[in-house]
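**Q** Letter by letter, the chains look like this.
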Amino acid sequence: MILTEPRVRRDDFTARTGWHFEPEGACRGDLCVSLPEAPGEWLDAAVLSERLRMPLIHDEAAGLWGLGPESLGRVLQTAEAPDLTLPDWKGEPFALSSLRGSKVLLLAWASW
Amino acid sequence: MWQELREELHPKGLEVVTVALDLKGVETAGRWIEAAAPRHPSLIDRAHTVDELFGVVNVPNGVWIDEQGVIVRPAEPAFPRRAAFRDRPRPQPQDLDPYQAEVLQEARRIRTQPERYTEALQDWAERGPDSPFALTPDEVLSRSGERGADRSRAAAHFELAQHLWREGRETEAVPHFRAARRLQPANWTYKRQAWVLANRFQAPTDVFEGDWLSDVRAIGAENYYPKLDMPEPTA
Numbered sequence: 027m028i029l030t031e032p033r034v035r036r037d038d039f040t041a042r043t044g045w046h047f048e049p050e051g052a053c054r055g056d057l058c059v060s061l062p063e064a065p066g067e068w069l070d071a072a073v074l075s076e077r078l079r080m081p082l083i084h085d086e087a088a089g090l091w092g093l094g095p096e097s098l099g100r101v102l103q104t105a106e107a108p109d110l111t112l113p114d115w116k117g118e119p120f121a122l123s124s125l126r127g128s129k130v131l132l133l134a135w136a137s138w
Numbered sequence: 010m011w012q013e014l015r016e017e018l019h020p021k022g023l024e025v026v027t028v029a030l031d032l033k034g035v036e037t038a039g040r041w042i043e044a045a046a047p048r049h050p051s052l053i054d055r056a057h058t059v060d061e062l063f064g065v066v067n068v069p070n071g072v073w074i075d076e077q078g079v080i081v082r083p084a085e086p087a088f089p090r091r092a093a094f095r096d097r098p099r100p101q102p103q104d105l106d107p108y109q110a111e112v113l114q115e116a117r118r119i120r121t122q123p124e125r126y127t128e129a130l131q132d133w134a135e136r137g138p139d140s141p142f143a144l145t146p147d148e149v150l151s152r153s154g155e156r157g158a159d160r161s162r163a164a165a166h167f168e169l170a171q172h173l174w175r176e177g178r179e180t181e182a183v184p185h186f187r188a189a190r191r192l193q194p195a196n197w198t199y200k201r202q203a204w205v206l207a208n209r210f211q212a213p214t215d216v217f218e219g220d221w222l223s224d225v226r227a228i229g230a231e232n233y234y235p236k237l238d239m240p241e242p243t244a
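So the sequences go chain by chain: E and F.
Residues in the first sequence are numbered from 27 upward in steps of one, following this note's numbering.
Residues in the second sequence are numbered from 10 upward in steps of one, following this note's numbering.
It is worth saying that the hints were derived from the structure and are not from the lab.
In this text the structure is predicted, and so the values were computed from the model without any measurement.
Virtual Cβ for every residue (Gly too), placed ideally from N, Cα, C.
Among the hints, a few may not be true.
Unchecked claim - Computed spacing ranges between beta-carbons, pair by pair:
(1) E/G89 with F/A158: 47 to 53 Å
(2) E/V59 with F/P184: 29 to 35 Å
(3) F/E124 with E/W68: 38 to 44 Å
(4) F/D139 with E/P119: 31 to 37 Å
(5) E/C58 with F/D104: 56 to 62 Å
(6) E/R35 with F/D238: 36 to 42 Å
(7) F/R125 with E/V59: 35 to 41 Å
(8) E/G127 with F/R117: 38 to 44 Å
(9) E/E86 with F/D139: 51 to 57 Å
To be verified - Dumping the calculated EDC-like pairs for lysine to aspartate or glutamate here, alpha-carbon to alpha-carbon at most 20 Å:
(10) F/K33 with E/E118
(11) F/K33 with E/D114
(12) E/K116 with F/E36
(13) E/K116 with F/E24
Claimed, not checked - Selected chain F positions facing chain E (Cβ under 10 Å, derived; list incomplete):
(14) L130
(15) E168
(16) H172
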């Protein structure tokens, strides 16, 4: 995710990555990774980077940080589908989770 | 493209959700969606979030998700009855850019398996967890692909690149696009998204390294999409 300072709001982090916070640490699916201290509203990007093995790339000239996805072995740590919300082509937000109860073929394509 | 199959499988409890991975959003993807007039959700992913969350590295790619929200097949090549690029408007020979003509020639060598894919999808729509094409959670995780440090770094650079480009800071975006390709050369969505920003045919430019034709020829067109890892269809 894109950061303008080397810290991130806890709720934004969870919404973007699916990692949420439990007494055990940062969790997704059955996996929990311990953190040095219980997180407050803001999370230190360097701590997340180190504990979750997320690359933190600082583009100094641009004044931005890029916090990449965890590198813990596999792309998916759980078979539970990420809670994805994207705009439809008319601009209305659509949550994948609204289709619970249906089978879904999620189909990625591109105009290029 | 997927509309016909969707109409056939929707009564069996399957919905299609398309996601356009396009930095320029509806500006580039909109006319295709409008022409298809889909009745299913047609989403726009200007930040390629789906690449990162589901491990998509090329298009078209499909992910199967069951009624409980559990992935039963991770990202893999997905084809409707005809591959999309075969249905795109065919330019007349006299209109063809020489590079584009070579691309079309090479694209004919790409392996697509539309019958295999749609048969499997139909089977799953009808039989759900009893379908041999529905995988266990362990198989899903194992097939979702490895993500080590380089692949994660590629994702971070690609996100920075797109963000900067969308803000009109194109010169600053370029080194990040280049880093993404260097760190994860097998990710076609990263490369193609970058190339098309500099040249609509994804031909060589001074801006980015590589181009569609050279990169495809380097691996062999037959390897552009991995072969579907599926059991033989049941009779």
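**Q** Now tell me if each hint is right for this structure.
**A** Cross-check of the supplied hints:
no.	hint	verdict
1	E/G89 with F/A158: 47 to 53 Å	25 Å, violated
2	E/V59 with F/P184: 29 to 35 Å	31 Å, holds
3	F/E124 with E/W68: 38 to 44 Å	52 Å, violated
4	F/D139 with E/P119: 31 to 37 Å	35 Å, holds
5	E/C58 with F/D104: 56 to 62 Å	58 Å, holds
6	E/R35 with F/D238: 36 to 42 Å	40 Å, holds
7	F/R125 with E/V59: 35 to 41 Å	39 Å, holds
8	E/G127 with F/R117: 38 to 44 Å	41 Å, holds
9	E/E86 with F/D139: 51 to 57 Å	55 Å, holds
10	F/K33 with E/E118	17 Å, holds
11	F/K33 with E/D114	14 Å, holds
12	E/K116 with F/E36	12 Å, holds
13	E/K116 with F/E24	19 Å, holds
14	L130	6 Å, holds
15	E168	5 Å, holds
16	H172	5 Å, holds
Checked against the numbered hints above, the structure violates hints 1, 3; every other hint is satisfied.
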